Amino acid sequence: MSVALDAARQAASAVFAGALYAPVEPPIVAPAEIFLERLGERFRRLTSFFEDGTGEEKCLRPEITIPVCRIALAAGYDGATHLKLRYAGPVFRLAEDGAGALTESAQVGAEFLGGREAAKAEAEIVVLGLSALAACGIARPRVVLGDAGAFGELVRGLGLEARQQAHLMRLFEAHGSALAEHLPPEGARAELTPLDADLALADTLARLEAGGLVLTGGRTPEDVAARLADRAGRASAEAIPAAARAAIAAFFGLKARLAEAGDTLARFFAAHGIASQAPQRLAALAAELAAAGAAEDAIVFDAGVHAPLGYYTGLEFRVDDATGYALAGGGRYDTLIRELGGPDTPAVGVALFLDAIAERAP
Amino acid sequence: MTALFAIPSKGRLKDDCLALLERAGLKVAPPPERAYETHIPALPGLRVVLIPASEIAERLARGDFHAGITGEDVLRERMGSLDGADDHVSRLVIGANGPERVKRLGFGPARLVVAAPESWLDAARMSDLADIALEIRARQQRPLRVATKYVRLTRAFFARHMIADYRIAFSTGATEAAPASGLADVIVDITTSGATLRDNRLAILEDGQILASEACLFLGPKTSPVWRDGRPEIDRLIAALT
Chain X
1 MSVALDAARQ AASAVFAGAL YAPVEPPIVA PAEIFLERLG ERFRRLTSFF EDGTGEEKCL
61 RPEITIPVCR IALAAGYDGA THLKLRYAGP VFRLAEDGAG ALTESAQVGA EFLGGREAAK
121 AEAEIVVLGL SALAACGIAR PRVVLGDAGA FGELVRGLGL EARQQAHLMR LFEAHGSALA
181 EHLPPEGARA ELTPLDADLA LADTLARLEA GGLVLTGGRT PEDVAARLAD RAGRASAEAI
241 PAAARAAIAA FFGLKARLAE AGDTLARFFA AHGIASQAPQ RLAALAAELA AAGAAEDAIV
301 FDAGVHAPLG YYTGLEFRVD DATGYALAGG GRYDTLIREL GGPDTPAVGV ALFLDAIAER
361 AP
Chain V
1 MTALFAIPSK GRLKDDCLAL LERAGLKVAP PPERAYETHI PALPGLRVVL IPASEIAERL
61 ARGDFHAGIT GEDVLRERMG SLDGADDHVS RLVIGANGPE RVKRLGFGPA RLVVAAPESW
121 LDAARMSDLA DIALEIRARQ QRPLRVATKY VRLTRAFFAR HMIADYRIAF STGATEAAPA
181 SGLADVIVDI TTSGATLRDN RLAILEDGQI LASEACLFLG PKTSPVWRDG RPEIDRLIAA
241 LT
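Going down the list, the sequences are from chains X and V.
Numbering follows the working numbering, with no gaps: position 223 of the first sequence is 223.
Numbering follows the working numbering, with no gaps: position 120 of the second sequence is 120.
A portion of the hints provided could be inaccurate.
Claimed, not checked - Not everything, but these chain X residues come out facing chain V in the computed CB check (under 10 Å):
| no. | residue |
| --- | --- |
| 1 | Glu51 |
| 2 | Leu228 |
| 3 | Pro279 |
Claimed, not checked - According to the in silico footprint, chain X covers these stretches of chain V (three or more CB under 8 Å from chain X):
| no. | region |
| --- | --- |
| 4 | 5-13 |
| 5 | 36-45 |
These are computed hints drawn from the structure, not numbers from a lab.
All values reported here derive from a predicted model rather than from experimental measurement.
Yeah, the Cβ is synthetic: ideal placement off N, Cα and C, and Gly gets one too.
The whole structure should be built from the sequences, with the hints applied where relevant.
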């Protein structure tokens with residue numbers, strides 16, 4: 001660990017400690033399934049999975065929020081009170097190009113579990129992240145924030161079929177605001193029509209029999225039939241109408257100063273006749289951030305902000321340096337703790353990317 | 001002043017290689033019995049090393065030789081690089097500071113492909129395989145298994161197709177039998193006519209061609225110290241073959 005990186009780790013940790021976040025040391029090696037089931041498809045590709053000597057599937061943690069939540073649950077956290085935890089340690093990620101290069105990078109972070117006043121908890125985490133960056137000597141960082149829940153509200157409000165909605169959410173998770181590039185060109189005809197499940201099964205059995213084919217890999221005729229029906233359904237799922245495409249493009253184009261973020265989003269949803277809680281959430285957060293003394297001109301709203309982690313449900317933010325390079329990131333994950341087998345508990349957190357910070361610190 | 005030139009030591013690749021060199025006026029002197037090194041009388045100063053094709057890839061990548069003839073599949077597997085696999089430019093450096101492909105030689109054709117059981121009626125494209133991987137994880141609580149000896153190219157290709165949750169079952173021989181025997185669900189392997197795949201009731205996915213490979217003339221990385229010598233001999237070799 002370089003001197004600059006170690007200094008940044010200590011400076012940031014001191015800020016978290018000063019705010020009474022308790023230190024935890026989650027394990028670096030974890031069972032594969034805890035990440036496989038929670039992380040988005042794009043993030044999963046970056047995770048290094050392996051089998052240990054007994055054949056058990058493990059991975060090197062690609063992020064630390066999930067392991068921190070598991071520690072809290074293992075210690076008996078029941079969500080009745082709030083719990084503030086901090087950590088410092090490495091994450092491991094594979095190169096995006098799939099060539100197999102594995103890199104270790106250092107993070108410090110803070111997780112605020114069970115904060116019932118949503119906007120207050122979010123403001124605390126954003127300000128904490130900024131204070132930690134300031135302690136690392138980062139001058140004039142810029143916060144770009146959005147709301148992962150708003151896109152879901154938009155998709156549900158566009159009058160699309162359920163499978164079209166599901167398809168858009170999958171694309172959003174994988175590609176964020178670039179999802180439109182992954183829709184087939186407008187006007188492309190669905191070549192397959194939705195297939196009835198019983199018909200698909202009869203067809204599958206007949207074709208297996210006629211071809212003398214034996215299913216391998218533990219798959220059943222029902223599995224194959226379900227996927228054939230699903231694939232046919234998908235073609236129609238991808239046929240998103242032009243009006244919905246235009247609304248999605250307009251949504252991702254929304255940018256505003258923090259003080260106007262709520263109004264901007266409210267006008268957008270009103271113009272499309274869609275009910276949304278996101279404008280209120282943003283306005284409340286803006287008020288809390290102002291009350292906490294965050295420099296208002298350093299925070300902007302951008303509806304296109306989205307990290308491919310797959311567990312963010314509301315606020316999402318990134319902190320960049322002056323050149324737009326990400327130094328920290330975080331957000332709200334209100335369903336993750338329940339999905340990990342714990343109580344229904346809201347939570348929000350931030351992580352600092354120490355390698356990037358150390359490169360830029362004075 | 002010597003230059004090191006490696007060619008495959010056995011099989012069809014070796015025969016085709018010797019024939020090509022002879023046609024180019026570079027007949028290789030038969031090596032003494034059990035020796036793995038010989039020379040080309042028409043090209044003094046060039047040492048000809050006979051070793052297996054996959055070793056040629058390894059030694060070229062390490063910078064041990066000036067030049068070598070081997071399959072693009074094994075060279076790319078050694079470098080873990082699919083960059084430019086679809087390009088038809090002739091000269092191309094493969095991988096970071098890797099060997100340079102100088103010429104495709106027109107023999108040893110092979111396609112590296114992803115093949116799934118024919119009985120998987122729903123597996124037509126790589127995107128289907130991505131969905132089936134999710135299904136196998138959800139229904140059988142295990143990852144999709146892929147039998148191959150081309151581990152690095154498989155990883156690069158699957159990443160390109162957004163498939164993350166799978167395991168590689170390393171297989172050096174009779175890979176096409178892996179789905180029927182239960183070693184793996186699908187395979188990544190070399191095929192020429194596709195007959196062996198068909199015999200094993202496997203079908204190549206529509207967009208499952210990873211690489212169209214053939215034997216190529218490669219030069220080792222120019223940063224290697226071997227290049228302090230031998231450049232004129234290699235220039236003459238290239239001129240004769242291109």
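Evaluation of the provided hints:
With a least beta-carbon distance of about 7 Å to chain V, the hint placing glutamate 51 of chain X at the interface is held under the 10 Å criterion. At about 5 Å, the closest approach between the beta carbon of leucine 228 of chain X and any beta carbon in chain V falls short of 10 Å, and the interface hint on this residue holds. A cut of 10 Å between beta carbons decides the hint on proline 279 of chain X: the least distance to chain V is about 33 Å, and the hint is violated. Check result for the region 5-13 of chain V against chain X: violated, 0 residues qualifying (beta carbon to beta carbon below 8 Å, three or more required).
As drawn, the region 36-45 of chain V meets chain X at 0 residues by the rule of a beta-carbon pair under 8 Å; below three, the given contact is violated.
This entry does not satisfy hints 3, 4, 5, going by the numbered hints stated previously.
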